[in-house]
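Using the supplied hints, reconstruct the complex from the two chains, each of which is provided in its own coordinate frame.
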Amino acid sequence: MRPGAELDLVGLAGGVVLAGAVLTLWRKDLRALISLLSLQGVALATLAAVLAVHGDDVSLGVVAGVVLVTKGIVIPGLLTRVVRSDPGSRETSPLVNVPASLVAAAVLVVVAYVVSGRFSALFPDAFTRLAPLGLATILVGFFVLVTRRKAVSQIVGLLLVDNGIALVAFLLTAGFPLLVELGASLDLLLVVVVLQVLTTTIRARFGHVDLDQLRELHD
Amino acid sequence: MTSGLASLAVVNPALAERAGVSALQVGIVLVGGPLLLGLMGKVRARAEGRVGAPITQGLSDLRKLFRKEAVRANPTSAVSGLAPVVLVGSAAVAAAITPLVSTLPVSAGGSDVFLVVYLLLMGSIALALGGLDAGTAFGGMGSSRAMTVGAISEPALLVGILALAVQARTSNLPGIVTASLNHPGWLASPQRVLALGALVVVVIAETGRIPVDNPSTHLELTMIHEAMILEQSGPDLALSTAGEAMRLGLLLGLVANLFFPWGVADSGSGLAVAIGVFALALKAASLAVLIALIEVSTAKLRLFRVPELLAGGFVLAVVAVTTGLVTR
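Protein sequences, first through last, are from chains A and B. Mapping to this note's numbering: the first sequence position 104 is 89, numbers consecutive. Mapping to this note's numbering: the second sequence position 126 is 130, numbers consecutive.
Do not take every clue at face value.
Stretch-level coverage of chain B by chain A, calculated; a stretch enters the list once three of its residues show a Cβ under 8 Å from a Cβ in chain A [unchecked claim]:
(1) 184 to 198
(2) 314 to 322
Here's a subset of chain A near chain B, in silico, CB distances under 8 Å, partners left out [unchecked claim]:
(3) L3
(4) P79
(5) A91
(6) V94
(7) V96
(8) L115
These are calculated hints, taken from the structure and not from any lab test. For glycine and all other residues, C-beta sits at the position ideal for the given N, C-alpha and C.
Bound conformation, chain B alone (with noise of 0.2 Å):
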């Protein structure tokens, strides 16, 4: 990798600097993720009046998994064992064209909005065939909610995306958030406010949080995740465990960039792109905060209220992108 990206600088020094900026940005995902859930699970239980685990437990946890052996059961496919690799490389090519730290990702003018939230959806449908894989009742139960929760959570984030690029006239991500670093008088925007609104709703559903889904208990009666992942062992657990943790920061690092792009970095140099690594964990860490408050303040909604609750993201965001369309 290093000595590719070497030889690239001789032939291509900006071509180099882009591929530079996204393998950044793949590792930060890779470790910010987990860190984010340690968190996000420290801020609960320090609400709670408990210690908490350290906030590395996700990465050590990671450690652990990987130096076991994989178990999968007689029946299942080799699904099984390529649903945890798609999930981490769908989210780790998402990482790597999205703006986080720069808004000079490797894709030239190649990271749509609707590419970025297609490679999430593919990670999305990538583990439910692997719940349904081994055949047994919890998996495909799981597989199934997590569908029902998704083919709601994936429209209402692109709706809700869509309506910054509306106000942004293009729906490429770097894009939309260059523009928004030209205008800051648009974080007050009406269209912002309510998409935001459907984001945070989106976050909640698509990282599996409380009110859609508690990531901490094994109950048959509401689990949607944790059933998918029940078959799952060693090596396989660990790549979905880091996937789903890659998703959370890459979704906690979007919408902070969209609708907050405060020290984004618009070049490759050195500088910009450390002000760019903090201005990120910051901002990311803050809404992992403010996710983990929601978390302890709410109670888990029944399952069938859950279209509910994603129905009404959903209307929000198509308020927000009619909004954006009479004030544009």
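Chain A on its own, in the form it takes in the complex (with noise of 0.2 Å):
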């Protein structure tokens, strides 16, 4: 592979999952989030693989399986679970409407640019420049959690912030050592797991997900 090539198939990697970010804050069918996920996750995989083929790092191949099997596929497939027991369920009225939360990721991506630049100082290389967009998508992993009002949305704003965070550590460390990631993606996992029967229990209980709507204690 000519060097140019790896370099443009990280950047568009890491522009696939920075464009998936922003694409959750635009589309309110929680379906269509989750398969933004699962492209994330397949992104990340992408990138991991392809850095371990350039630094010739065994473990990096492996963490590149682990990222592709967990954020690619379990976990997108849980939350579908979740979301198929709730038919017609979408994000109907986030805290900011549509056009203005774009335009918060517009300004976000913008800060995200402006900030990690002394990241990238700290050693220059020409994937380390490219540490803005896990930036970019952490800041707007935290927009979606702070303005979504549905249980899903919430776990998809988590899932963008820790997606965020693991492409600027591929990026700027060639990523976590393996025990670290297996870990990370276990504890993840398991969130996935105890949310998902925290909503079922939720919406048994209250008969629906909106945790705006929760607000006083209940026998």
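Set out below in structure tokens:
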């Protein structure tokens, strides 16, 4: 592979992760959000695989596999099960409307670019200069967490933050150590499983999963 | 025109060649725009199981309209007469200086991104003023809607092209096309993929195609473009229609050449220009078919949701520029 192609591929994967995060703000259909999440997982795995080939790093290759299985397949699959049990589920009334949140996303992307110049300056290389993409994904993820009401959207926001952290880690440090990545992936998986059980229980008790409605204690 | 070009050829052959390319480009956009509209109509008709009007229907309509008399309402001012002329004029100037067939149009170093986008904007504003001029409810409604859409789509167009300008390190359109011809690896670069997504949304909005506006109905609840030209007739209507078709041809040609620069001539010689014309026709037609297929497969958006779509396009463009800045 010629050297420029690796950088292009890594840049493309990073761009897909960020574009996926931005599109999350755009779409209201929860199922579309989950497929975006799955796309992000595949892009992250591709990025890790390219970096593994680039650095001749076997453990990074294993991490790429773990990322593909957890973020690309298992977690989206679990979320799909949650959504399927609640047909017609849409993020109907986010706290900030769609055009305004898209503009906010544009601002966050610019902020990420300005701020992360410091990171990249620590170790200037072609890959670390892509770090703003990851930071922007983290910020957009936090924005989703803050402004969306449905439980599933909030899980998606949490996962966006995690994808952003993984992206920054891959780009700045060529990935976590294998053990840390395994631990983090399992942790995330556990969080999603717990939230799945929780949303199912919330719906069984209250008949909806709009977290803003949960204001008072209930027997 | 021809005699002028001939005498220019004696004084300054290089400049005459460039002027010839520009004149050719204006001609192509003038004829090609309505043909592209006809092609899109045909694709839609076929996809819906109809035979559809012939591809040259747009040109026949224009000929018919030009033969008619222009009827204007009593309270209209000179704006009604001027607006269609400004629309066509600005589109023609933009077509003359944009690298469509060759990277050597007439203005040396002057065909900047900003100039071309502002020329297009001038046309939209002229059309909106023309819509307001008769003082009818529909005209004003259409103009106000067109400006709402334009206020988001024009910046998105500018920022989307700037993503490519960052990569090529020049905001000169021929410079961008030449740079992308010299670096074939750029085609798959992330900022280009994102910017292409943004510009497809912009082209759909700017030319009033289906998710944003439906050009084939006159439904007062949703129409944008048709509401502005409702009061026009005869040659005025012909000019407005031709101007809109030219803008469509220009935008499709520009997007095609910026992202897929194959076949663009880098000189004014006969063979290179012929290849350029052929390549332009092929690329613009493929984009037109793509947009027609998008039109067939989507439903018109509610007017209040159109800004969401456009804001999405704008954010994609911003993300493209940011990605371009970090991967530079």
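Consistency of the hints with the structure:
1. 184 to 198: Coverage by chain A holds here, the residue count being 7 at a Cβ distance below 8 Å.
2. 314 to 322: The restraint on the region 314 to 322 of chain B holds, since 6 of its residues have a Cβ under 8 Å from chain A and three suffice.
3. L3: holds (6 Å)
4. P79: violated (12 Å)
5. A91: This interface hint holds because 4 Å falls under the 8 Å limit.
6. V94: Holds: closest Cβ of chain B sits about 5 Å from V94 of chain A, inside 8 Å.
7. V96: violated (10 Å)
8. L115: This hint holds: L115 of chain A lies near chain B, its Cβ roughly 5 Å from the closest one there, short of 8 Å.
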